[in-house]
Amino acid sequence: MRGLKNPLGIAALVSLVFLLFMVVLGPILWGEEAVRTDTMALTQGVSAAHPMGTDGLGRDVLARVMAASRSSVGLALLATAVAVAGGLLLGALPAVLGRRAAGLLNGFVSLVVAFPGLLIALVLAVVLGSGGRSAAFAIGLASVPAFARLTQTLAASVAGRDFVAAARVLGVGRARMLFRHILPNIGEPLIVQATLGAGGALLAFAALSFLGLGVQAPDYDWGLLLNEGLNRVYVNPAAALAPGIAVVLAGLAFNILGEYAAQVFGGRDTIARAEGRSARPVPGDALIVRDLRVSFGPAVPVKGVSFTVAPGERVGLVGESGSGKSLTALAVAGLVEPPGVVTGTIEAGETAMVFQDPMTSLNPALRVGTQIAEVATTHQRLSRRDAARRAVARLADVHIGAPARVAGQYPHELSGGMRQRAMIAMGLMGAPRLIVADEPTTALDVTVQKQILDLLREASTTSGAAVLLISHDLAVVAQLCSRVLVMYAGVIVEDLTTERLVAGPAHPYTRALLASVPDMSADRSLPLATIHGRMPSPAEPVTGCPFAPRCPRADERCLTAMPPFTSASGGGGVACWHPVRETGGGPVTRPDEEAPDEEDPMRRTR
Amino acid sequence: MTALEFHGVRVRLGRGRRAVDVVHGVDLTVPAGTVTGLVGTSGCGKSTLARAAVGLVPLAAGRIAPAGGVQLVFQDPYSSLDPRMTIGAAVAEAVPRRVRDRAGEVRRLLDLVGLEPEHAGRLPRHLSGGQRQRVAIARALAARPGVVIADEITSSLDVSVQGMVLNLIRELQRELGLTMLFISHNLAVVRYVSDRVAVMDAGRIVESGPVDDVLSAPRNPYTRALLDSVPKLG
Amino acid sequence: MAVPSPPLDHPVPPPTEAAPARERRHPWVAYLARRLLRFVLSMALLITATFGMVHVIPGDPVRAALGVTASPELVAARTHELGLDLPVWQQYARYVAGVFGGDLGSSMVSGLPVAQTIADRLPYTVMLALVAFAVVMITAVPLGMAAAAWTRGSRGRAAELLFTGASGLLAVVPEFLLAVAMIVVFAVTWELLPVANVSGSVTPSYYVLPTLALAVGPAAALARIVRVEALAVLSSDYMRTARAKRLPARLLYLRHALPNLLTGALTIGGLLISGLVAGSVLVENVFVWPGLGSALVDAIKAKDFPVVQGVVLVYGSAVLLVNLAVDVALGRLDPRSTIKED
Chain D
1 MRGLKNPLGI AALVSLVFLL FMVVLGPILW GEEAVRTDTM ALTQGVSAAH PMGTDGLGRD
61 VLARVMAASR SSVGLALLAT AVAVAGGLLL GALPAVLGRR AAGLLNGFVS LVVAFPGLLI
121 ALVLAVVLGS GGRSAAFAIG LASVPAFARL TQTLAASVAG RDFVAAARVL GVGRARMLFR
181 HILPNIGEPL IVQATLGAGG ALLAFAALSF LGLGVQAPDY DWGLLLNEGL NRVYVNPAAA
241 LAPGIAVVLA GLAFNILGEY AAQVFGGRDT IARAEGRSAR PVPGDALIVR DLRVSFGPAV
301 PVKGVSFTVA PGERVGLVGE SGSGKSLTAL AVAGLVEPPG VVTGTIEAGE TAMVFQDPMT
361 SLNPALRVGT QIAEVATTHQ RLSRRDAARR AVARLADVHI GAPARVAGQY PHELSGGMRQ
421 RAMIAMGLMG APRLIVADEP TTALDVTVQK QILDLLREAS TTSGAAVLLI SHDLAVVAQL
481 CSRVLVMYAG VIVEDLTTER LVAGPAHPYT RALLASVPDM SADRSLPLAT IHGRMPSPAE
541 PVTGCPFAPR CPRADERCLT AMPPFTSASG GGGVACWHPV RETGGGPVTR PDEEAPDEED
601 PMRRTR
Chain S
1 MTALEFHGVR VRLGRGRRAV DVVHGVDLTV PAGTVTGLVG TSGCGKSTLA RAAVGLVPLA
61 AGRIAPAGGV QLVFQDPYSS LDPRMTIGAA VAEAVPRRVR DRAGEVRRLL DLVGLEPEHA
121 GRLPRHLSGG QRQRVAIARA LAARPGVVIA DEITSSLDVS VQGMVLNLIR ELQRELGLTM
181 LFISHNLAVV RYVSDRVAVM DAGRIVESGP VDDVLSAPRN PYTRALLDSV PKLG
Chain V
1 MAVPSPPLDH PVPPPTEAAP ARERRHPWVA YLARRLLRFV LSMALLITAT FGMVHVIPGD
61 PVRAALGVTA SPELVAARTH ELGLDLPVWQ QYARYVAGVF GGDLGSSMVS GLPVAQTIAD
121 RLPYTVMLAL VAFAVVMITA VPLGMAAAAW TRGSRGRAAE LLFTGASGLL AVVPEFLLAV
181 AMIVVFAVTW ELLPVANVSG SVTPSYYVLP TLALAVGPAA ALARIVRVEA LAVLSSDYMR
241 TARAKRLPAR LLYLRHALPN LLTGALTIGG LLISGLVAGS VLVENVFVWP GLGSALVDAI
301 KAKDFPVVQG VVLVYGSAVL LVNLAVDVAL GRLDPRSTIK ED
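Protein chains in written order, with the working numbering: chain D, 1 to 606; chain S, 1 to 234; chain V, 1 to 342.
Some hints could be false.
What the hints assert, rightly or not - Listed below are the simulated DMTMM-like cross-link pairs for lysine to aspartate or glutamate, each with C-alpha atoms no more than 25 angstroms apart in a straight line: (1) S:Lys232 with D:Asp523; (2) D:Lys450 with S:Asp111; (3) D:Lys450 with S:Glu105; (4) S:Lys232 with D:Asp357; (5) V:Lys301 with D:Glu32; (6) S:Lys232 with D:Asp285; (7) S:Lys232 with D:Asp219; (8) V:Lys303 with D:Asp397; (9) V:Lys301 with D:Glu313; (10) S:Lys232 with D:Glu320; (11) D:Lys450 with S:Asp212; (12) S:Lys232 with D:Glu228; (13) S:Lys232 with D:Asp291; (14) S:Lys232 with D:Asp473; (15) D:Lys450 with S:Asp21; (16) D:Lys450 with S:Glu152; (17) S:Lys232 with S:Glu118.
None of these hints come from the bench; they were simulated from the model.
Every value quoted in this text rests on a predicted model; they were computed, and no experiment measured them.
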C-alpha cells in the first residue's frame, strides 16, 4: 500500500470511509430521530439535547442532516451515472460513426458545452418537473455535453497515436478498436473526471434542492435542509450551517478521492526547478570545468567531469542518451535547476546557449527582434533603437534574408532552421567567449543541419568565441570540431583530436560507437558491429570501469577499479586500463546473431 | 513475394480550400524480394506515401498494388504499441485467423526478432526502445505481409541500438525474402540496407535507381545537395 | 458546477507529415468568420431550445401555470392569447420574430411583458457579475503568479501546502453555501453588514456580501490555475533561453512569462464568467437580490414559462457573447490561435 505513505492517500482513505459511513449508517442510526416531531421544542437553538437545534416541527436538525446523507449522496451518484453514460455514448460514438455524422455530432456537442451546466439543469428541471429523481436526471443530462467533450478529446488524442494506426493497418474492426484500444487508454482520466464530477453533482444537487427545484418535502436532503435553515437563520444559525458543512465535507471527500485517483493513475511528476548559478568570467581559457558532479538525489548522472576549452577552440561532447552530456552543458551554462545539485568548479566567460529544439526555445508571444534585442538593452545598456538595429544586423550576420522583416515576426512564422539561426543571432548580440550548442541540429533536416554547422563555425571564427557542441552523432561533431570529448555513464572516457577519432581511438567504447554507425563507405556485406548490454543508470553504483561489463578487453581489474584519466603526450587522453594502442578502426565486438540482448537484464548472461 | 507498385499516386491532405497536394503523381516500383530505400527531407511526402500504401490516407488519384497485405513499421516505438496491451497480445492481434496455434506463432515471431518467450507477458513500458522496435517488427511480420514498409524505424533510437535493428532488418529481409520500402532521412542507413534507392523532394520522386549508381553518380541536383550535406568523419 | 471543465488543449491531429504550411491570405479574417458562424449557430440553438422547452413539458403548460382550479374557459382563453393553439411552425415563427423584435411575450401569472421584467432586473445582475469578475481578476492573477514564483522548485514547501490547501478548499465550497455562511457570520452574529432588504433600495454596502460570496470560489480556482500555468511557463524551454540570457527577474516574469500566461488566464476567465452567471442565480436567491436570478427561480416555481424562456435566453446569450469576446481577444493576444484548427 504505497498510498498510505503519502498524505493524499491517507486523506483519500479517510474520505472514503467517511462517505461510506454516512451513506450506509446515516439513515440507520438517525433515521427515526430525524422524523420524530416534538411540539415542546419547536425551532430551538443549540442545546445539549439538540446540538444543532430543532426545526419548525421540533425535529432534531443534526439527526436530519445525518440521515439525509444517503439521499444526498445517492442522488448525486445517480446524476453522475447519467452524465457518464450519456457522455461516453455521445463521446465515443463519433469514433464508430462515419466521418460526416461524427462531424455533426462533434459540432453539436461543442455548441451545447458552451452553456453553463446549472443553466441547462434549471431548464431541464422545468421540463422534467420537480422531485429528487427528475432533478438527478436534469443534473446528469446537463453534464452530458461536458463528459462527451472530454471523451471525444481523449479519444481523439488516442486515435491519433501510431498504435491505433498500426491496428488499422492490421484490419482491426471499429468495435474492437473502440473497446480494445481506445476506451482502455482513456479510462483512467475518465474515472478521475467522474469522481470529481460526482462532487460537482452533489453541490449542484444541493443547489437545486436549495432553490426548491430538487427534493420536495416531506422528503429531505441537504439542499432542502439548508433552505429551511436559511429561512430561520436569525433564530438558529446552526440549522443553516449544519447541512452546509455536510455538503462541503462530502464534496471535499469526492474531490480528494478524484485527486488521489489522478495521482495514482497519472504518476504525476512534479518537475522542480529553480535558478541556476551563474558562471564567473575569467581571463585565459574560454571554459574550465573541474570535477563537475550533477546529482538528483541518489542518481548521479554526471560523476566528476574535468576539461578545459581554449579560446576559439571548437570542442565536441559526444555520448549516447543517458551519458550526462546534456546535463554537463546545462551545468556549464548555469542552468541546472533544483532538485539538481551541481558541485565542482566552472569558470567561463560570457556564454551563449543554442538549444536542441528551436520550436520551443523561443518565446512564442514575443517578436523575434525583441527577444534578440533585449540582451543588448539589459546587458550592454543600449537604447531600445540601437539594440533593435543591432538585432537586425545580427540576423543578417546569420544569413537571414530580409532581416528587418524577420525581426518583426513571431517565432511560429519561421521555419526550424530560421529559428535556430535566430537563436545563434541572439547569442552573438553580446561578445560571447563561449557558445554552448546542445544538439543544435537534431531537430533539423540534413540539408539545414550542414548550414547551421557552417554558421556556428563562421560565428566562432569571426567572433573568436569557443564552441562546445553536444551531440550523439560523431559525424556531426567531426564536421565542426577539432577536438572531441567522449562521455559514458557520467564520465569522460576519452579526449582526442578529430584526426585521432578518424584514425583510430584508444578507448574501446569510442571504437565500438564508431563501428556501430554505418557511414557512406560502410561495407554492406558485413553486419554492423553492436555493443551488448546497457549503460549503467545514473542511480546504479558502479565499481570499476562503467564500460567493463560490455567491453571485450575487460579483465578482473576493469570490473573492480575505475581507470584514472591519463593524459597522452600529444594532448588528449583516455580513461582505460587497456587502451587500444595501434591505429586503425575495426569493430570491437562481432555481432552475435543469437543474443541481441541490449538492455534486458533477463538476458544478461555474461 | 510481391512487388510494391505506385502508379501516378497523388495524395491531398486537408479539406476544402485548405487541402494541399502532398504527393504529386509518384511512380515507383519496389521489385519483389528487394529493398528500396526512400530518402528525402522531412515534409517531402515520404511518410504520407507510406501511409497511403497501407490505406491510412486516401488516394486522390493513381493506384497502389498490392491493395492489401502491406504492413507498416512506425518511427516511434513508444507510441506505436498500445501501452495497455501485452507484447504477446499485440503480436497475436496481427496473426491471421486461420492460424491454429496462435501462442506458438507468437513465440516463433518473438524468437525471429530476437526476443524471449517471457517477453510475451510484458507491457511495452517494461521494454527498451530497441526491444519495442523489435516487437513492432514482429507484429508487422505476424500478418504475413507480402510487403513491409519501414518508416524511419531507427531515427528515434540511440546509435548503438540502431545498429542492432538494422542488422535484424537485413537478416529478416534476406531470410524471408521480403519486399521492403525502407524510408529514412539518413542516406548512410538507407545505403546500408537497400538494393535500390529513390529520392523524393516536394512530393515527387526526383531520381531512382540501384543504390551504388544513384549515390556515386547522382544526376539530380537535389540528390547531389542531399549527398553533400551528409556529415562525414574526417 | 456538476460539469467538469472541458480540457483546453485541442485534439491532436494524426501525425502525418505536415504539409508545408501555406499562408492563408487573411488567417485573422477566416478565424473571425469561424467564430461568428459559431456564435450564430449557438444563438439559433439557444432560441430553438428555449422555444422547444415549453413544447416538451408533459401535460398542458397553461393548465400547469394557472393551477387546477382555473376554469377551462380561462385556460382556453389564455392558450389562445399565447398562440399555443396555432400549428407549431407558426408558433416558432412568431417566437423567433418576437425575439428579434424585443417582444418576449408576457407573464402567465402577472400578465406583465417579459421584456419589461428583464429590463428592470438585468442591471442588478450585471452589476453583481461585473463587480465579482473584477474582484476575481484583480486578486487571482497576481496571487497565482506570486504563488508560482514562491513555490518553484523545492522551495517553499509549507507555502505550497498552504496555498494549494486553502485555495482548493475555497474553490470547492459553492457560492451559495459561502453566502449562507457569510450571512451567519457577518449579518447574524456580528451584525456588520446588511443582507438584502425587501423594501428595495440597494446601497453599496449591500454589494459586499453577494459579490464576495460570488467571487471567492472562482478567484481561488483561477489563482490555482494561474499558478500551475505559471509553473509550466517558468520551466519551458524559452524561459530557459531567457535565463541563459541572464535577464533580470523583472523582465523574466513580466516580459517573458506574463504574455504566455495571459492567454490561459483569459480562456479560464471566460469560463469563469459563465460560472459567475450561473452562480449569480443562487447568490441572488440567498440574498433576495432583485436581479434576473431570483426572477428565474420564482418563474420556474410558478411555472411561468414565458418568463423562464426570456430569462434563459438572456443568460444564454450573455454567456455566448462573453465566449465570443474572449475568443476575439485570444486571437489578438496569441498570434498562434488564429491558425489553430478547431
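Hint by hint, here is what the structure shows:
Restraint check for Lys232 (chain S) and Asp523 (chain D): the C-alpha separation of about 16 angstroms stays at or below 25 angstroms, so the hint holds. Simply put, Lys450 (chain D) and Asp111 (chain S) have alpha-carbon atoms about 41 angstroms apart, too far for the 25 angstroms limit, and the pair is violated. For the proposed pair Lys450 (chain D) and Glu105 (chain S), the alpha carbon gap of about 46 angstroms is over 25 angstroms, so the pair is violated. For the hint linking Lys232 (chain S) to Asp357 (chain D), the alpha-carbon distance of about 23 angstroms falls within 25 angstroms, and the restraint holds.
The suggested pairing of Lys301 (chain V) with Glu32 (chain D) is violated, with an alpha-carbon distance near 31 angstroms, which exceeds 25 angstroms. A hinted pair counts as satisfied when its Cα atoms are at most 25 angstroms apart, and Lys232 (chain S) with Asp285 (chain D) does not qualify at roughly 29 angstroms. At most 25 angstroms may separate the alpha-carbon atoms for a hinted pair to count; Lys232 (chain S) and Asp219 (chain D) exceed this at roughly 83 angstroms. Simply put, Lys303 (chain V) and Asp397 (chain D) have alpha-carbon atoms about 75 angstroms apart, too far for the 25 angstroms limit, and the pair is violated.
A hinted pair counts as satisfied when its Cα atoms are at most 25 angstroms apart, and Lys301 (chain V) with Glu313 (chain D) does not qualify at roughly 83 angstroms. The hinted pair formed by Lys232 (chain S) and Glu320 (chain D) meets the criterion: a straight-line CA distance of about 19 angstroms does not exceed 25 angstroms. With a CA separation close to 23 angstroms, the supplied pair Lys450 (chain D) and Asp212 (chain S) stays within the 25 angstroms bound. Restraint check: the Cα-Cα separation between Lys232 (chain S) and Glu228 (chain D) comes to about 83 angstroms, which exceeds 25 angstroms; the hinted pair is violated.
A threshold of 25 angstroms between alpha carbons decides the hint, and for Lys232 (chain S) with Asp291 (chain D) the separation of about 32 angstroms lies outside it, so the pair is violated. The hinted pair formed by Lys232 (chain S) and Asp473 (chain D) meets the criterion: a straight-line CA distance of about 10 angstroms does not exceed 25 angstroms. The straight-line distance between the Cα atoms of Lys450 (chain D) and Asp21 (chain S) is roughly 28 angstroms, outside the 25 angstroms bound, and the hint therefore fails. The hinted pair formed by Lys450 (chain D) and Glu152 (chain S) meets the criterion: a straight-line CA distance of about 20 angstroms does not exceed 25 angstroms.
Using a Cα cut-off of 25 angstroms, the hinted pair Lys232 (chain S) and Glu118 (chain S) is violated, with the two alpha carbons roughly 41 angstroms apart.
The structure fails to meet hints 2, 3, 5, 6, 7, 8, 9, 12, 13, 15, 17 from the earlier list, while all remaining hints are met.
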